[in-house]
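Q: The primary structure of each chain is shown beneath.
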Amino acid sequence: MSIKKTSLNNLHIKYGAKLVEFAGYQMPIQYKDGIIQEHKYTRSHSGIFDVSHMGQLFISGGDDLTNDLEKIFPADLKKLKINQSKYSFLMNNKGGIQDDLIIAKTSDGFLIILNAACKYNDYEIIKSKLDNQYKLNLEETLSLIALQGPEAKNVLNKVIPGCNSLKFMNGNNYVYKNEKVYITRSGYTGEDGFEISIKHSDAETFVESLIKNGSKLIGLGARDTLRMEAGLCLYGNDLDNDTSPIEANLKWAIPKSRIETEFVGSEVLKNQFQSGVKKLRVGIKPDSKVIARGNTKIYNDKNQEIGKVTSGTFGPSVEHPIAMGYVDNSYSTVNTKIFLEVRGKKIPANICNLPFYKKNYAKGEINV
Amino acid sequence: MSEVKYSKEHEWIKLDGEEATIGITKHATEMLGDIVFAELPEKGSHVDKDGTAGVVESTKAASDVYTPVSGEVIDTNQMIVDDPSKINEDPEESAWFFKLKIKDKSEMDSLMKKEEYEKFAKETSA
Numbered sequence: 023m024s025i026k027k028t029s030l031n032n033l034h035i036k037y038g039a040k041l042v043e044f045a046g047y048q049m050p051i052q053y054k055d056g057i058i059q060e061h062k063y064t065r066s067h068s069g070i071f072d073v074s075h076m077g078q079l080f081i082s083g084g085d086d087l088t089n090d091l092e093k094i095f096p097a098d099l100k101k102l103k104i105n106q107s108k109y110s111f112l113m114n115n116k117g118g119i120q121d122d123l124i125i126a127k128t129s130d131g132f133l134i135i136l137n138a139a140c141k142y143n144d145y146e147i148i149k150s151k152l153d154n155q156y157k158l159n160l161e162e163t164l165s166l167i168a169l170q171g172p173e174a175k176n177v178l179n180k181v182i183p184g185c186n187s188l189k190f191m192n193g194n195n196y197v198y199k200n201e202k203v204y205i206t207r208s209g210y211t212g213e214d215g216f217e218i219s220i221k222h223s224d225a226e227t228f229v230e231s232l233i234k235n236g237s238k239l240i241g242l243g244a245r246d247t248l249r250m251e252a253g254l255c256l257y258g259n260d261l262d263n264d265t266s267p268i269e270a271n272l273k274w275a276i277p278k279s280r281i282e283t284e285f286v287g288s289e290v291l292k293n294q295f296q297s298g299v300k301k302l303r304v305g306i307k308p309d310s311k312v313i314a315r316g317n318t319k320i321y322n323d324k325n326q327e328i329g330k331v332t333s334g335t336f337g338p339s340v341e342h343p344i345a346m347g348y349v350d351n352s353y354s355t356v357n358t359k360i361f362l363e364v365r366g367k368k369i370p371a372n373i374c375n376l377p378f379y380k381k382n383y384a385k386g387e388i389n390v
Numbered sequence: 207m208s209e210v211k212y213s214k215e216h217e218w219i220k221l222d223g224e225e226a227t228i229g230i231t232k233h234a235t236e237m238l239g240d241i242v243f244a245e246l247p248e249k250g251s252h253v254d255k256d257g258t259a260g261v262v263e264s265t266k267a268a269s270d271v272y273t274p275v276s277g278e279v280i281d282t283n284q285m286i287v288d289d290p291s292k293i294n295e296d297p298e299e300s301a302w303f304f305k306l307k308i309k310d311k312s313e314m315d316s317l318m319k320k321e322e323y324e325k326f327a328k329e330t331s332a
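Read top to bottom, the protein sequences are chains A and B. Numbered per my numbering, the first sequence finishes at 390, counting up by one with no gaps. Numbered per my numbering, the second sequence finishes at 332, counting up by one with no gaps.
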């Protein structure tokens, strides 16, 4: 299979991107400024992320579709208003996460945003679980661009007036160059921001106009450090087929109203809600400057293995190494002393609260 | 006159008599990106040619630092441990990694001269 390119590929090259293959796409890992500067620019101004590799799955249907999707996803889709969206999961029968995703209600059905590496598999699973009764469209003609950071609302509002009135996890249709664009207020950086679904042919001029208004292109490298500081999971690292949303400490994403109802994996989840889980995702802060990456083994003070790091890096805004991972539940309390095995040495660390970086939404513009 | 040579692992080595100063090349720092962590060998320890003698980490990944020659570690550069970003700023001068009292000068023979290394770096990164 040949490597796919997004509609912004020429723009990435123009702005000096280092390109890498990611989930079958040629994507920018960083631009000329480098990961740390890009990370900090997103936190202080605004950053543009090409996320066109992600799946945009449109499913058309009415109340029957809502009922049938609730048999798949543990989200309260009946209560969802048009243009509202929720974070949810596609699970297997064991409650393991096949993908984490965002479901938005649209005027004629639902839009599900899927991870790039999972999207074709998700499509097949969802299609077969819906018994081929509905029209599914894994859209290939639309780019997806994220604009994140404290200046995002001002920058985007200059290019597409009116979008700064959107509330968090809400979306709407807007017009750009006489074409429809769909914008949601959401993101993956811990900052205020937007995700814009736009025709491939308009994507480049749209991004150039964001750049003219003071924003900068940001690569996947900074996207990873930003999401880690925000305590957000990366599918394939922090979430997988053998891990449930409860174990992943994402219980908040499963509404109480759905716990007693049936969906794929509901029996396992109900059981975990009642009896608890053996392992739990936690934040980890090493005492020293040593970085513990994914797959680093975690030990207790008796030298017994108690878990594994799933993501770890240096946090450019918190200016300290950060990590997250899974530990035996009895070690998941904040401030528990643990040890990380890095290059043969046991590095002391503490269990800590997530996120590492918390935005102060002082103006109350974000309705979380 | 001191002699500067380069290894295929992208270290530079400057020899003054029996004392060698070792660091990583500018080309290496460009490949690594922003360096956020450095670990150095212990003073007084012995390191063997092509063996691991330290670690550098960028936001993306960890990489071993190798020693191009054998010897006893007589000094290490605490500045780059305290502020690893100095390695990106001045890799081939002030941000050296460690100094060795070398055993065998002939180990320098197999290393590359500046022009050879530049050609090598260009070819391997293409």
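Hints may be right or wrong, so weigh each one.
Covered stretches of chain A (chain B as the covering partner; in silico rule of three or more C-beta atoms under 8 angstroms from a C-beta of chain B) [unchecked claim]:
(1) 51-58
(2) 302-313
(3) 333-343
Which residues of chain A face chain B? A few of them, derived with a C-beta cut under 8 angstroms, are [to be verified]:
(4) 247
(5) 249
(6) 366
Only some residues are given here: those of chain B computed to face chain A with a beta carbon under 7 angstroms [stated by the list, open to error]:
(7) 240
(8) 243
(9) 263
(10) 311
For the record, the hints were derived by calculation from the structure and aren't laboratory data. Backbone N, C-alpha and C define an ideal beta-carbon position, used for all residues, glycine too.
Q: None of the hints should be skipped; say for each whether it holds.
A: Results for each hint:
1. 51-58: holds (count 5)
2. 302-313: holds (count 3)
3. 333-343: holds (count 4)
4. 247: At 6 angstroms from the nearest chain B Cβ, residue 247 (chain A) passes the 8 angstroms test, so the hint holds.
5. 249: Cβ of residue 249 (chain A) sits 13 angstroms from chain B, so the hint is violated.
6. 366: Nearest chain B Cβ about 11 angstroms off; hint violated.
7. 240: holds (4 angstroms)
8. 243: With a closest approach of 6 angstroms, the residue 243 (chain B) hint holds.
9. 263: holds (5 angstroms)
10. 311: Nearest chain A Cβ about 31 angstroms off; hint violated.
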